[in-house]
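A.B. asks: Sequence:
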Amino acid sequence: MLNIEKYKEMLINMGIIDINKLAVVNDKPVKCKDLYKCDKCDFGEEESCESYLEEWLFSEYEEPGVDWSKVKVDTPILVKDCESSKWAKRYFAKFEDGQIYAWSDGTTSWSANDECDVTSWNCAKLAESED
1 MLNIEKYKEM LINMGIIDIN KLAVVNDKPV KCKDLYKCDK CDFGEEESCE SYLEEWLFSE
61 YEEPGVDWSK VKVDTPILVK DCESSKWAKR YFAKFEDGQI YAWSDGTTSW SANDECDVTS
121 WNCAKLAESE D
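Going left to right, the sequence shown walks through residues 1 to 131 as UniProt numbering numbers them.
Calculated from the structure, these hints are not laboratory results. Check each hint, because a few of them may be wrong.
What the hints assert, rightly or not - Derived Cβ-Cβ restraints for the label pairs, each shown as a range:
| id | residue 1 | residue 2 | range |
| --- | --- | --- | --- |
| 1 | F58 | Q99 | 32 to 38 Å |
| 2 | C82 | F58 | 31 to 37 Å |
| 3 | E54 | D81 | 36 to 42 Å |
| 4 | F58 | T108 | 40 to 46 Å |
| 5 | W110 | G44 | 46 to 52 Å |
| 6 | E63 | K31 | 20 to 26 Å |
| 7 | D114 | N13 | 49 to 55 Å |
| 8 | F58 | N26 | 18 to 24 Å |
| 9 | E83 | E5 | 23 to 29 Å |
| 10 | V73 | L2 | 33 to 39 Å |
Glycine included, each C-beta is placed from N, C-alpha and C at the ideal position.
All chains, full assembly: derive it from the sequences and hints.
C.D. replies: Below, the structure is given as structure tokens:
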């Protein structure tokens, strides 16, 4: 799905049919006139942002990543150490030094032996995002 498809209704509701009225902040469309300065726009540093906005509109939409620092302990997650491995069901333990930890062997904070009973993983995603 392209950004223009993802944000179609939003763009229509904002009345943006002209690319010159569009700005992008944190990878989301906003009205250009609502910004006080061009440098607030993701493309504000560019001399002419039109081509960048057009490229953004017709590029593939990317789901925002998970902010692991805000995930609650014991949230169901899927983990694996390499791309070829199958996802394993685990419960989130912590996010520390850029590393995701899950309670070992499918335990939770309630059933784990202690707070050190965790394993770090190279790949993780929220279980609800499993399709």
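A.B. asks: Next step is simple, just say for each hint if it's right about the structure.
C.D. replies: Results of checking the hints against the structure:
1. F58 / Q99: 32 to 38 Å: Check passed, 36 Å falls within 32 to 38 Å.
2. C82 / F58: 31 to 37 Å: 34 Å, holds
3. E54 / D81: 36 to 42 Å: 40 Å, holds
4. F58 / T108: 40 to 46 Å: 44 Å, holds
5. W110 / G44: 46 to 52 Å: 49 Å, holds
6. E63 / K31: 20 to 26 Å: 24 Å, holds
7. D114 / N13: 49 to 55 Å: With Cβ atoms ~52 Å apart, the hint holds.
8. F58 / N26: 18 to 24 Å: 19 Å, holds
9. E83 / E5: 23 to 29 Å: 28 Å, holds
10. V73 / L2: 33 to 39 Å: Distance hint for V73, L2 holds at roughly 37 Å.
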